[in-house]
Amino acid sequence: MDGYDALYDYKKCRFVVPKGEWDLLEFGNHNQFVEQYNGILASFSVSSDYAEDDVISYTNILTQEKIVESFVVKDGKYYAILNADGSIRANKLFKGNEFSKIESIIDLSEYASLAEFKRERKEFCNKRNIAKKQEYYKTIASRNDGSISPYLDREVAQILELRKK
1 MDGYDALYDY KKCRFVVPKG EWDLLEFGNH NQFVEQYNGI LASFSVSSDY
51 AEDDVISYTN ILTQEKIVES FVVKDGKYYA ILNADGSIRA NKLFKGNEFS
101 KIESIIDLSE YASLAEFKRE RKEFCNKRNI AKKQEYYKTI ASRNDGSISP
151 YLDREVAQIL ELRKK
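Just so we're aligned: the sequence shown equals residues 1 to 165 in my numbering.
Hints may contain errors.
[Stated by the list, open to error] Pair by pair, the computed Cβ-Cβ distance ranges are:
1) E52 x F124: 20 to 26 Å
2) Y111 x V72: 20 to 26 Å
3) G76 x E155: 34 to 40 Å
4) L162 x D107: 55 to 61 Å
5) K66 x R128: 21 to 27 Å
6) K66 x D107: 42 to 48 Å
7) E98 x E161: 42 to 48 Å
8) G20 x S100: 21 to 27 Å
9) V72 x L108: 21 to 27 Å
10) Y111 x E161: 53 to 59 Å
11) E120 x E161: 48 to 54 Å
12) I67 x R128: 18 to 24 Å
To be clear, the hints were calculated from the coordinates, so they are not data collected in a lab.
Predicted model, so just to flag it, every value in this text is computed and none were measured.
Virtual Cβ for every residue (Gly too), placed ideally from N, Cα, C.
Required output: the full structure, derived from the provided sequences and hints.
Below is the structure:
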């Protein structure tokens with residue numbers, strides 16, 4: 001795959017796509033349609049900032065399976081077609097799990113910049129991350145059974161232990 005994270009114009013001695021603006025820039029060999037239309041497929045993902053308490057793990061008392069829960073919020077993957085000068089073609093972003101599975105189109109004209117769009121989505125993810133943690137801890141506190149599992153494992157175990165007399 002011909003993938004990079006920056007684009008340098010050696011004739012003008014400057015980066016036309018600076019490092020860090022996009023996670024990946026893909027050129028013609030990987031995406032022939034991009035080469036055909038003389039563009040660069042650029043992509044990035046947005047997720048909540050990682051905190052130490054974003055992942056918990058415990059052993060399920062019923063199955064003895066180790067369960068790992070994550071509070072990380074992923075907003076998805078965004079794509080754009082870039083022109084050779086680094087500008088975003090039609091000033092549009094495409095959102096989808098893959099470029100062949102686009103679910104929505106974002107008009108960047110509604111934002112001051114690509115950086116503002118990313119900041120807004122990151123803020124959304126961080127707020128959702130906090131809400132998920134609060135919901136989890138509220139559930140744990142309401143059960144008050146000493147378990148860190150958000151599921152009804154103990155209740156199911158009690159029913160399993162019932163025997164007909």
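Results of checking the hints against the structure:
no. : hint                    : verdict
1   : E52 x F124: 20 to 26 Å  : holds (21 Å)
2   : Y111 x V72: 20 to 26 Å  : holds (24 Å)
3   : G76 x E155: 34 to 40 Å  : holds (35 Å)
4   : L162 x D107: 55 to 61 Å : holds (59 Å)
5   : K66 x R128: 21 to 27 Å  : holds (26 Å)
6   : K66 x D107: 42 to 48 Å  : holds (44 Å)
7   : E98 x E161: 42 to 48 Å  : holds (47 Å)
8   : G20 x S100: 21 to 27 Å  : holds (26 Å)
9   : V72 x L108: 21 to 27 Å  : holds (26 Å)
10  : Y111 x E161: 53 to 59 Å : holds (57 Å)
11  : E120 x E161: 48 to 54 Å : holds (51 Å)
12  : I67 x R128: 18 to 24 Å  : holds (21 Å)
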